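> Sequence:
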Amino acid sequence: MFDDTYKTIAAPATGIYSEKRSKFLAYAFPVRTEEDVKAHLAELQKKHYDARHHCYAYILGPRKDAYRINDNGEPSGTAGRPIYGQLLSKDLTDTLVVVVRYFGGIKLGVSGLQNAYKIAAKESLDAAQIVEKTIEEQYDVVFEYLQMNAVMQLMKDPSVTILSQQSDLNCTIRFSVRLREADRIVTALKKVARSVLPVNVGN
Numbered sequence: 001m002f003d004d005t006y007k008t009i010a011a012p013a014t015g016i017y018s019e020k021r022s023k024f025l026a027y028a029f030p031v032r033t034e035e036d037v038k039a040h041l042a043e044l045q046k047k048h049y050d051a052r053h054h055c056y057a058y059i060l061g062p063r064k065d066a067y068r069i070n071d072n073g074e075p076s077g078t079a080g081r082p083i084y085g086q087l088l089s090k091d092l093t094d095t096l097v098v099v100v101r102y103f104g105g106i107k108l109g110v111s112g113l114q115n116a117y118k119i120a121a122k123e124s125l126d127a128a129q130i131v132e133k134t135i136e137e138q139y140d141v142v143f144e145y146l147q148m149n150a151v152m153q154l155m156k157d158p159s160v161t162i163l164s165q166q167s168d169l170n171c172t173i174r175f176s177v178r179l180r181e182a183d184r185i186v187t188a189l190k191k192v193a194r195s196v197l198p199v200n201v202g203n
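Using my numbering, read the sequence shown as starting at 1 and increasing by one per residue.
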């Protein structure tokens, strides 16, 4: 059976790490889109306008197919990549971690920076509640009123959630279904309904 679950964080969390008078403030956020990422970055840049660096990494999508790493002025590979590594180590997606650095006047060197950003990111993720979610697909099922009972029986399946419905001469129900159960439910619905069409909802 293929895996149709993924892990993310339930709510924002923070962490802090200090090294040679430099302060590293880490913020972890649950995110769904790049717009969410931009909004959190803008908020932190406003809040910590006097900080030297706002470094970050994020992963998006149940299949982790979108990610980005940003060193924000730190030497290449010393900030964004260690943060990204912590997201990978906890197998997270739909998660953004930003580490804000206040420079303390003493240079840390490449390994010192990598370690500081890694620990700060880890602190924020250790403080977060990690939750497991299921990957779901959405469909519209169109059927005649006389087919209502047969369709509704299938809608009672525990893997199905009705999102909206309208009843007329032709009835339509939009529903979500757990990915691993989608083929079974759709095949059964096609036997009793006029049509079952996937809904393109993006991520």
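A couple of the hints might just be wrong.
What the hints assert, rightly or not - Computed cross-link-like contacts, PhoX-like style, restricted to lysine-lysine with a CA-CA straight-line distance of at most 20 Å:
hint	residue 1	residue 2
1	Lys156	Lys122
2	Lys156	Lys191
3	Lys64	Lys90
4	Lys64	Lys38
5	Lys46	Lys23
6	Lys133	Lys23
7	Lys133	Lys64
8	Lys46	Lys90
9	Lys23	Lys7
10	Lys107	Lys20
11	Lys7	Lys107
12	Lys156	Lys7
13	Lys7	Lys46
14	Lys23	Lys107
15	Lys90	Lys133
16	Lys122	Lys20
17	Lys122	Lys7
If you're looking for bench data, these hints aren't it; they were derived computationally from the structure. None of these values were measured; they are calculated from a predicted model.
> Failing hints, ascending?
1, 6, 8, 9, 11, 12, 13
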